[in-house]
Amino acid sequence: MISLFAFDFMRHAFLASTIVAVLAGAVGAFLVLRGQTFAGHALSHVGFAGATGAVLVGVSPLTGLLAVTVLGGIGMGAMGERMQGRDVAIGLVLALSLGLGLLFLHFYTAYAAQATALLFGNVLGVDTHTLWLLLALSLLSLLALALMARPLLFASLQPELAEARGVSLRLMAVLFMIVVAVATAECAQIVGVLLVFALMVGPPATAQRLTARFGRGVLLSVLIAVAQAWGGLVLAFYTDWPVSFWITALGALAYVAAHLGQGRWRSSHP
Amino acid sequence: MRAAAPAIDLVGARLELGGRAILSGITLSIGAEEFIGVLGPNGAGKTTLMRAILGLVPAAAGEIRVLGSPARRGNPAVGYMPQTRSNPAIGRISGRDFVASAAGGHRWGLPLLGAEGRREVARVLDLVDGTGLAGRPLSEISGGERQRLLLAQALLGQPRLLLLDEPLISLDPHHQHGVVALVRQLQTELGIAVLFSAHELNPLMGAMDRVLYLGSGQAAIGPVDDVITGPMLSRLYGSPIEVARFGHRIFVMAADGSEAEIGCHHHAHG
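Chains as they are written, first to last, in my numbering: chain L, 1 to 270; chain Y, 1 to 270.
FYI, nobody ran anything at the bench for these hints, they're computed from the structure.
Virtual Cβ for every residue (Gly too), placed ideally from N, Cα, C.
You may find that some hints are simply not true.
A partial selection of chain Y residues facing chain L, derived with a Cβ cut-off under 8 Å [as the list claims (entries may be wrong)]:
#  : residue
1  : P70
2  : G74
3  : Y80
4  : A89
5  : R92
6  : F98
7  : P111
8  : G117
9  : I169
10 : Q218
11 : F246
12 : G247
Rough simulated footprint, nothing fancy, chain Y against chain L, three-plus residues with beta-carbon under 8 Å [said to hold, decoys possible]:
#  : region
13 : 31-40
14 : 165-177
15 : 204-214
16 : 238-248
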């Protein structure tokens, strides 16, 4: 275990993945409750074009990723209910985004390494500057989420009643999607744009299986996300397999185990 | 009897959705302790009327007064139970969290209840005999039990007017009877006004004080015997209607024998 933390890049990786996992677990709990898990997936794809486009014009990929996911998030939040049932249109936009990203990479010469890092994450390559940026964004997003948590929960569970009580559904949707966009951009740093689900949707879905209390569900989701990230790093260190693979594998394992465990618990506690 | 203002006063009210008139020239008054059954074909404006009373749909003409003052959004004296839509995403949450989300849910901040909030949630759960249901996830309780929790939620904050939008939808006759009896009992005990919309007349027979029938943009209100008549319903449907009585049950059908559109009343449950 001594060797694990002997390297700067491992210490950075642990810090970065912890920062990101805490935000992803908390945001994901609301995302799953609102039935908007697909939105996180969609934003990350759109972000890919932003990240590669940013590299092309000489800006950092994270900046491009953030700019595009936040804009996409605002758009999705403002569209609201009109997004529902438009799977084909959304799917086309996603495909186009990945296609554009590919085109931008084609113009950029250091092709393969950059593409892999963006698509599947590069947690072992986080520098100090990025680490601070991730921390600042996480804290801001968590603060925003804490401020909007009550009306967001109300609007998610009982939209018509919340509206009658004076909650603006549109405002809640837009504010929440901005936080989702930041969380998505952060997750993409760790597991890449294709695997954002592993940190943002897997942990809250697993937590939901284990408790019916929403507050506990959020905490559990955060703990599971952090555990997945740490477990992924440790396993990757000893096997030399990709971190992102281990994080997705642990996520799937936790979800299946929660399902099976729930069945067993139910039968022994009728 | 307290000398309270009428629960609802409409004077020449006209309601529009997307520029199309749904109801026009509606004038009626509902007493502070009345149980009103709201009936009419699909699209007649039952939900729109409730949303207007909640201040979510402004009157295009005329006046809507609620408990003595103009209808406004966020009036805590009006309780509302929206039509249930199936939403599998929220099925894992506990009944207590679901009910509690509406307790002061419009305020910013973390969804923590405090002692007063917990007392209020306990009070409404007790009113509907739902305390035993509160710990279980929504997906694991029956439709009738879920309606009781929704009713509890509508009772938060001690409203003096309850708007219940189709609480009997997708319930079997036994549970329909239970919900109607519970609402009637609470309405009498708490001395409040209730607007209860339904597809069928018969489950409400005996519980409601008067019936409000909507159709063809118009409204008729009065005792069942005065409103549910061939001439009156023919006017509201815009086509000849016949009304037949068998014991306590009432059957409404088109005069040409077809039961389409209005046949819903013939599913009588004694």
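Hints that the structure is at odds with (numbers, increasing): 1, 8, 9, 10, 11, 12 and 16
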